[in-house]
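Enquirer: Going down the list, the sequences are from chains L and B.
Residues in the first sequence are numbered consecutively from 1, following the working numbering.
Residues in the second sequence are numbered consecutively from 1001, following the working numbering.
Among the hints, a few may not be true.
The following label-pair restraints were derived from C-beta to C-beta distances [as the list claims (entries may be wrong)]:
#	chain 1	residue 1	chain 2	residue 2	range
1	L	W153	B	G1086	36 to 44 Å
2	B	L1018	L	P236	27 to 35 Å
3	B	G1086	L	A68	32 to 40 Å
4	B	P1008	L	N75	55 to 63 Å
5	L	I157	B	P1008	23 to 31 Å
6	B	G1090	L	Y144	53 to 61 Å
7	B	G1090	L	G502	35 to 43 Å
8	L	M348	B	F1022	43 to 51 Å
9	B	A1011	L	F246	50 to 58 Å
Output of the computed footprint for chain L on chain B, the stretches with three or more beta carbons under 8 Å from beta carbons of chain L [claimed, not checked]:
#	segment
10	1044 to 1055
11	1058 to 1068
12	1076 to 1086
Derived contacts from chain L toward chain B, CB cut-off under 8 Å, selection only [claimed, not checked]:
#	residue
13	D126
14	L167
15	S168
16	L204
17	Y206
18	M209
19	T216
20	L223
21	A229
22	Y231
23	P245
24	F246
25	A330
26	R424
27	A425
28	W427
Just so you know, the hints here were simulated from the structure itself, not pulled from any lab data.
The beta-carbon is built from N, C-alpha and C at its ideal position, and this holds for glycine as well.
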Amino acid sequence: MKSGFRQSMAWLHTWSGLLVGWVLFAVFLTGTAAYLRPELTRWMRPELTASRPDPVQAALTAVTRLRALAPQSANWFIEVAGPREPVTTVFWRAPPAALGAAQGTAQGGRGFRQATLDPVSGATLDARDTRGGNFFYRFHFELYAMPVLWGRWIVSICGMFMLVAILSGIITHRRIFADFFTFRPSKGQRSWLDGHAVAAVLALPYHLMITYTGLTTLMVMTLPWGITAAYGPAGPPAFFADTAPFAPKRPAGQPAALADVAPMLAEAVQAWGGAPPGRITVNHPGDANASVVILSGPGAQVAEERTGMAFDGVTGARLAAWGTAGSAAAQTRGVMTGLHIGLFAGPMLRGLLLLSGLAGTVMVGTGCVLWSVKARQKAEKAGRKGFGLRLVDVLNVAGIAGLPLAMATFLWANRLLPLHLAGRADWEVKVFFGAWLLAVVHAALRPRPAAWTEQWGVAALLYALLPVLNALTTGRHLGRSLPDGDWGMAGMDLGFLAIGLGLGAVTLASRGWRFRLRPRAQGRAGALRA
Amino acid sequence: MIAASHWPRWASVLSRTLAALFGGYGLASLAAASCAVALPMPRADAVLTGMMVGLVVHAAAALWVFAAGSAVRAWLGLAAPGAALGAALGALLLLAQNGGLR
C-alpha cells in the first residue's frame, strides 16, 4: 500500500480482484451461459420437438399424468411448458415404498423423481440423459464436486470480493467517461488496461447490479443474524413462514379425492388477466388436507416472487391469492432476485444482458492478465524470475481460454457420447472437467503467447463446428430448423457459429499479444515479446 | 499510509485483511441484526431489509479498512460503530424481552 486514498484503493482493487479472479471468471462466464439455460437444455435434447402448447392445457395434461404416475407421492411439482420450454417437466417426492418402481422416469436428487412430458399428449418423453444448461447454472453458484453449501459460501465470499473490487476500481479511475472511447491495441500493459477499463465501464451499472443482486440471492444463508435477533428461539422456521405467501397444511391421514384442477386454473388465469400458469405444486394429493398452488409464468413481472393462488385440493375453494404488491422489503428482495436471474427479459433485453455478462467476463479476464503483466515488470526490474508468476500465467491461460474450450467439449460430448451410455449426464460433466484439466497441462507445457493462441484456436474451431456436428448427429440441424422456424434450435446453432467466429478473431489477435513492456521501453529492450 | 505506523508492512496488511474479512462481517451482522430489531416494520421485512443493508455495510467496511491511515485506526473505525450498534441492539433485545417494545 502506498500513501493516498486513491493509491490504497488501487492496491485494494488489484488484490481483491486477483485473489478470487479465476473463480469470478468462471462464475461470470457460466452464469452468463445460464441466461440461456432453457435454450441450452433444449439444444442438448434434440429428440424433443418444439411445440407451442396452450399452457393451461399442458398443465391439465401434466396433472392427469401425475395422478397415474405418482398417486402415493407427498408432493407434485409441475414446470409447465411455455414459450422457452417446449416440454413440461414434472417432479414428485418418491413415496418410500415405491422407490425404483416407476418405469421411464429419471432419478432426481434427494428422493425426487422426474419425468419429461409431452405437453399435449402427456406421454413420458425419452430424451438423452443430460444436465443441459442446468449444469452451468448450478456451477455458477455451487461450483462442483463439493457440498452445495460450501460452493455457495465460496461463491458468496468471492462475490463480496468482487463488490469491493468494483467499488475500489471506480474510486481508482480518474476518467470514467474517456474510458468509453479509449482502446490502444498492441501496446502491452497499456492495451490490457484499456481493455479492462472498456469492459468494466461500458457495462458498469450491470456489473454492480449483478454482483450485489447475486449476493442478495444467498443472503439468508450468509447473513442470518437478523433472523436470530428478531425471531429468537422461534428461529428460521418462523421467518420462512412469515415470508412464504402460503403455508400448506400437514396431511390429515384421511383419503379424499383430489378436486378437478381445471376450474382452479381458469380462476387463476382470469384473475391474472390471461397470464399463463408457470409452476404448479400439489401438496398431499389424495389426502383430505391436499392443496394446489398455482404460480404465474416467468416474465409477468421483474420480481422473481411470482403472482400466485392457493386452492383447497378437495373442495377446490380458493385459500389464498397473492400478487406482486407485497411489502416494500419483500418486493425489493424479489426484484433483486428477479434482476439477477433475468427471466423477466424478452429476447432483446436478454441479448443485452448476455452481452453485459460477456463484458463482465472480459473485465475479470483482462484484470487477471493485467496483474501478471504488472507483476512481471516489477519482477524483471528486480531481476527475479518467480515460480509464482509462471503459475499465474498458466492459470490465466487455462482459466480464461481453457474454460470456454471445456464448455465447448461439454456440448460435443452431448452429441458424441453413446445415447444409452450408463451415467451419460455424468460423463458429459467428466468430459468438461477432463478438457479443462488438459488445458492446464497444455498451458504449463507451452510457452506464451503460443499457449493462448492454441487454446483460443481450438475453442474457436469447436464452437464454429458445433452446427456441423449437430447436422451430422441429429435431424435438427440448420437445414431443418431454419425452414421450420424452430428459432430455439437455429438460434443456438447460429450463436455457436458466432462465438466460433468471435473466438477466431481473438485467436488471430492473440498472436500479437504482448505481456511485458510498453512499446517505447520495448524498443529499448530490443523488442522483447513474451 | 504504512509510514505512519511502526509495524512492518506485512503485519499491517495481514491485520487489515483480517479486519476487512472478519471485522467487516461482524459489523455487517450487527447492522443486519439491529435493523431486524429496530426498524418500524413487520418482523420479516425488517430482517430482509437488514440483510440487504448488511451486504452494503460489509463492502463499505472493507473499503474503509484499506483507506484508513493505519491498521489500528482501521480496527478502531470498525469497533466504534460496532460498539454503538451492539449497545443499541442489546438494549432493544432487553426491552423486547421485558415486553417493552413488542
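Enquirer: All hints are to be evaluated individually against the structure, with a verdict given for each.
Expert: Taking the hints in turn, this is what the structure says about them:
| no. | hint | in the structure |
| --- | --- | --- |
| 1 | L:W153 - B:G1086: 36 to 44 Å | 25 Å, violated |
| 2 | B:L1018 - L:P236: 27 to 35 Å | 29 Å, holds |
| 3 | B:G1086 - L:A68: 32 to 40 Å | 59 Å, violated |
| 4 | B:P1008 - L:N75: 55 to 63 Å | 60 Å, holds |
| 5 | L:I157 - B:P1008: 23 to 31 Å | 27 Å, holds |
| 6 | B:G1090 - L:Y144: 53 to 61 Å | 42 Å, violated |
| 7 | B:G1090 - L:G502: 35 to 43 Å | 57 Å, violated |
| 8 | L:M348 - B:F1022: 43 to 51 Å | 44 Å, holds |
| 9 | B:A1011 - L:F246: 50 to 58 Å | 55 Å, holds |
| 10 | 1044 to 1055 | holds (count 11) |
| 11 | 1058 to 1068 | holds (count 6) |
| 12 | 1076 to 1086 | violated (count 0) |
| 13 | D126 | 43 Å, violated |
| 14 | L167 | 6 Å, holds |
| 15 | S168 | 6 Å, holds |
| 16 | L204 | 16 Å, violated |
| 17 | Y206 | 17 Å, violated |
| 18 | M209 | 13 Å, violated |
| 19 | T216 | 6 Å, holds |
| 20 | L223 | 5 Å, holds |
| 21 | A229 | 4 Å, holds |
| 22 | Y231 | 7 Å, holds |
| 23 | P245 | 11 Å, violated |
| 24 | F246 | 14 Å, violated |
| 25 | A330 | 6 Å, holds |
| 26 | R424 | 40 Å, violated |
| 27 | A425 | 35 Å, violated |
| 28 | W427 | 39 Å, violated |
Checked against the numbered hints given earlier, this structure breaks hints 1, 3, 6, 7, 12, 13, 16, 17, 18, 23, 24, 26, 27 and 28; the rest are met.
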